[in-house]
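Chemist: Listed below are the residues making up each chain.
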Amino acid sequence: MTLLDVTLQIFRYKPGEQPHYDTFTVQVDDTAHVIDAIDKAWAEHDHTLIFRRACHHSSCGSCGLRINGAEKLPCITRFSEVWDGHSPLRLDPLRNFPVVSDLVVDVSGFFQRMSASNMSITRDAESTLPLSVEDLDAVVQPKEVELPDNLSRFNRFENCIECGICMSACPTMAVDNKFMGPAGLAAIYRARQKTGDPREVAHLLALADGEHGVWRCHSAFECTEACPQAVDPAGKIMALRREITENRIKKARR
Amino acid sequence: MATHEHHKVRRAGRWFDVRGRKLGMWAFALNRIAAIGLVVYLYLHLVVLSTLSRGPGSWDAFVSLARQPYFLLLDVILLAGILIHGLNGLRVTLMGFDVGVKKQKALFSAFMLVAVVALSAAALKIFGG
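Listed in order, the protein sequences are those of chains L and G.
Just so we're on the same page, our numbering is the position in the first sequence counted from 1, plus 40.
Just so we're on the same page, our numbering is the position in the second sequence counted from 1, plus 1092.
Pulled out of the complex, with its shape left as it was, chain L reads as follows (with noise of 0.2 Å):
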């Protein structure tokens, strides 16, 4: 194991006060991750830096920021992936996000753009909570959860870990705010997927189709590409643009 004296820049930010970046010197072991360092720098040199983690295993999603202007979960980036060995390793946190303050952002915004497609984001087996012996075992057994025939076409979104990734990286955010955003419209997509009712597909393929849905997004396949759980935001996007054409063209044929 050797030991690296990294340094890091982070950004500061206290309501009211002008936004700037601290330096802070950590030694972490080589095979350490990001956040370890984040956790140091806070307990050996400032106890006033916010940040947010919890699982530190990539399931909370609530570590994501960007290190050195990409977009990454600091919890699962070691710092052979993301430093060169002597420059200051740069944090920021998450674009298109109020910042609340340092490196913790207002995630709401991503919420509400969920909530739109009714999306359950945990499967319907780890929604409830066991109420009786019985019930656990009905959580705890997959052949007691009546999962869809076409799981594999759409389980990719069940990965998404709501860490707010693909929203900081997408350029189209940065100018329309209303932007329902490449995880809600892959919520859409997965929502779209689980349903045979035409009057659900026929709302959740409107909202797709609104002024900020689809239509707005530049291919630029940022979220695709920055998205750590391989949801491939971008895809559903395609897929909900193709299905909306086809309709489109039926009716016009009709």
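No lab work stands behind these hints: they were computed from the structure.
A portion of the hints provided could be inaccurate.
Within a straight-line C-alpha distance of at most 20 Å, the following computed SDA-like cross-link-like pairs (lysine to any residue) qualify [to be verified]:
1) G:K1194 / L:Q269
2) L:K218 / L:F151
3) G:K1194 / L:P268
4) G:K1114 / L:E265
5) G:K1195 / L:E265
6) G:K1114 / L:E121
7) L:K218 / G:K1195
8) G:K1100 / L:H258
9) G:K1114 / L:N108
10) G:K1114 / L:K291
11) L:K54 / L:R92
12) G:K1194 / L:W255
13) L:K290 / L:R239
14) G:K1195 / L:R282
15) G:K1195 / L:V215
16) G:K1114 / L:R239
17) G:K1197 / G:V1110
18) L:K54 / L:T117
19) L:K218 / L:H258
20) G:K1114 / G:A1202
21) L:K291 / L:A214
22) L:K218 / G:A1104
23) G:K1100 / L:V215
24) G:K1114 / L:G109
25) L:K234 / L:N287
26) G:K1197 / G:W1107
27) G:K1195 / L:G275
28) G:K1197 / L:P268
29) G:K1195 / L:A270
30) G:K1100 / L:K234
31) G:K1114 / L:F151
32) G:K1194 / L:A270
33) G:K1194 / L:N199
34) G:K1197 / L:A270
35) G:K1194 / L:A242
36) L:K218 / G:V1101
37) G:K1114 / L:R282
38) L:K218 / G:K1100
39) L:K218 / G:R1103
Owing to the predicted nature of the structure, the values given are computational and were not obtained by experimental measurement.
Once you've looked at the hints, dock chain G against the given chain L.
Modeler: Relative to the frame of chain L, chain G by itself:
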């Protein structure tokens, strides 16, 4: 609570910030640069055409200027803009029909290769002819 970068025009500047970004973002930025260039050209073209209203003398003077090598270079730049924007637009249209989405980077590279070949041939013709 405040926004990190709250000015809309400043945020639009991110369109051209490709540091640490992947090929799709380069395609996005190039498309915008080419589009802005083509819009500027359109207005310049209208201004140039307006010289016709000032009689044959003005027009002939412009044509002799347009035959200068440095002016011909502008033709090559214009053609580059048309090729980049047109071919990339075709790629985006295919994506919109859910065609080749998984191969979007390869498609961009292939179209840009076509653009380079076509531009080279055109440049040879413009300067050689």
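Chemist: Take the hints in turn and mark each one as holding or not.
Modeler: Status of each hint after checking the structure:
Pair hint K1194 of chain G plus Q269 of chain L holds up; C-alpha atoms about 16 Å apart against a cutoff of 20 Å. About 13 Å separates the Cα atoms of K218 of chain L and F151 of chain L, which keeps this hinted pair within 20 Å; it holds. The hinted pair formed by K1194 of chain G and P268 of chain L meets the criterion: a straight-line CA distance of about 17 Å does not exceed 20 Å. The hinted pair formed by K1114 of chain G and E265 of chain L meets the criterion: a straight-line CA distance of about 7 Å does not exceed 20 Å.
With a CA separation close to 13 Å, the supplied pair K1195 of chain G and E265 of chain L stays within the 20 Å bound. With a CA separation close to 16 Å, the supplied pair K1114 of chain G and E121 of chain L stays within the 20 Å bound. Note on K218 of chain L and K1195 of chain G: the hinted pairing is violated, with a Cα-Cα distance of about 29 Å set against a maximum of 20 Å. A C-alpha spacing of about 17 Å is found between K1100 of chain G and H258 of chain L, which places the hinted pair at or below 20 Å, so the restraint holds.
Distance hint between K1114 of chain G and N108 of chain L is fulfilled; the C-alpha atoms sit about 14 Å from each other, no more than 20 Å. The suggested pairing of K1114 of chain G with K291 of chain L is violated, with an alpha-carbon distance near 38 Å, which exceeds 20 Å. For a cut-off of 20 Å, the pair hint linking K54 of chain L to R92 of chain L stands: about 15 Å separates their Cα positions. For the proposed pair K1194 of chain G and W255 of chain L, the alpha carbon gap of about 19 Å is at most 20 Å, so the pair holds.
Restraint check for K290 of chain L and R239 of chain L: satisfied, since their Cα atoms lie roughly 17 Å apart, inside the 20 Å limit. Taken as a hint, the K1195 of chain G and R282 of chain L pair is honoured in the structure, with Cα atoms around 17 Å apart against an allowance of 20 Å. Taking the CA atoms of K1195 of chain G and V215 of chain L, the gap is about 27 Å. The hint is violated against a cut of 20 Å. This hinted pair does not check out: K1114 of chain G and R239 of chain L have alpha carbons roughly 39 Å apart, beyond 20 Å.
Of the supplied pair hints, the one linking K1197 of chain G and V1110 of chain G holds, its CA atoms being roughly 15 Å apart against a limit of 20 Å. Under the criterion of a C-alpha separation no larger than 20 Å, the hint pairing K54 of chain L with T117 of chain L is inconsistent with the structure, at around 26 Å. This hinted pair checks out: K218 of chain L and H258 of chain L have alpha carbons roughly 15 Å apart, not beyond 20 Å. A threshold of 20 Å between alpha carbons decides the hint, and for K1114 of chain G with A1202 of chain G the separation of about 16 Å falls inside it, so the pair holds.
For the hint linking K291 of chain L to A214 of chain L, the alpha-carbon distance of about 34 Å lies beyond 20 Å, and the restraint is violated. With a C-alpha separation of about 15 Å, the suggested pair K218 of chain L and A1104 of chain G falls inside the 20 Å cut-off, and the hint holds. A distance of roughly 6 Å separates the Cα atoms of K1100 of chain G and V215 of chain L; the hinted pair therefore holds under the 20 Å criterion. Note on K1114 of chain G and G109 of chain L: the hinted pairing holds, with a Cα-Cα distance of about 12 Å set against a maximum of 20 Å.
Our distance criterion of 20 Å between C-alpha atoms is met by K234 of chain L and N287 of chain L, whose separation comes to about 18 Å. For a cut-off of 20 Å, the pair hint linking K1197 of chain G to W1107 of chain G stands: about 18 Å separates their Cα positions. A distance of roughly 11 Å separates the Cα atoms of K1195 of chain G and G275 of chain L; the hinted pair therefore holds under the 20 Å criterion. In summary, the hint linking K1197 of chain G to P268 of chain L is supported, as the alpha carbons are separated by about 19 Å, within the 20 Å threshold.
Between K1195 of chain G and A270 of chain L, the direct Cα distance comes to roughly 15 Å. Compliance with the 20 Å bound is thereby established for this hinted pair. Between K1100 of chain G and K234 of chain L, the direct Cα distance comes to roughly 37 Å. Violation of the 20 Å bound is thereby established for this hinted pair. A hinted pair counts as satisfied when its Cα atoms are at most 20 Å apart, and K1114 of chain G with F151 of chain L does not qualify at roughly 27 Å. Restraint check for K1194 of chain G and A270 of chain L: the C-alpha separation of about 12 Å stays at or below 20 Å, so the hint holds.
Taken as a hint, the K1194 of chain G and N199 of chain L pair is honoured in the structure, with Cα atoms around 19 Å apart against an allowance of 20 Å. Annotation: proposed proximity of K1197 of chain G to A270 of chain L holds, straight-line Cα distance about 16 Å (limit 20 Å). A threshold of 20 Å between alpha carbons decides the hint, and for K1194 of chain G with A242 of chain L the separation of about 27 Å lies outside it, so the pair is violated. Restraint check for K218 of chain L and V1101 of chain G: the C-alpha separation of about 16 Å stays at or below 20 Å, so the hint holds.
Annotation: proposed proximity of K1114 of chain G to R282 of chain L is violated, straight-line Cα distance about 24 Å (limit 20 Å). Restraint check for K218 of chain L and K1100 of chain G: satisfied, since their Cα atoms lie roughly 13 Å apart, inside the 20 Å limit. Straight-line distance between C-alpha atoms of K218 of chain L and R1103 of chain G comes to about 15 Å, which keeps the hinted pair within the 20 Å bound.
Of the numbered hints given earlier, the model fails hints 7, 10, 15, 16, 18, 21, 30, 31, 35 and 37; all others are met.
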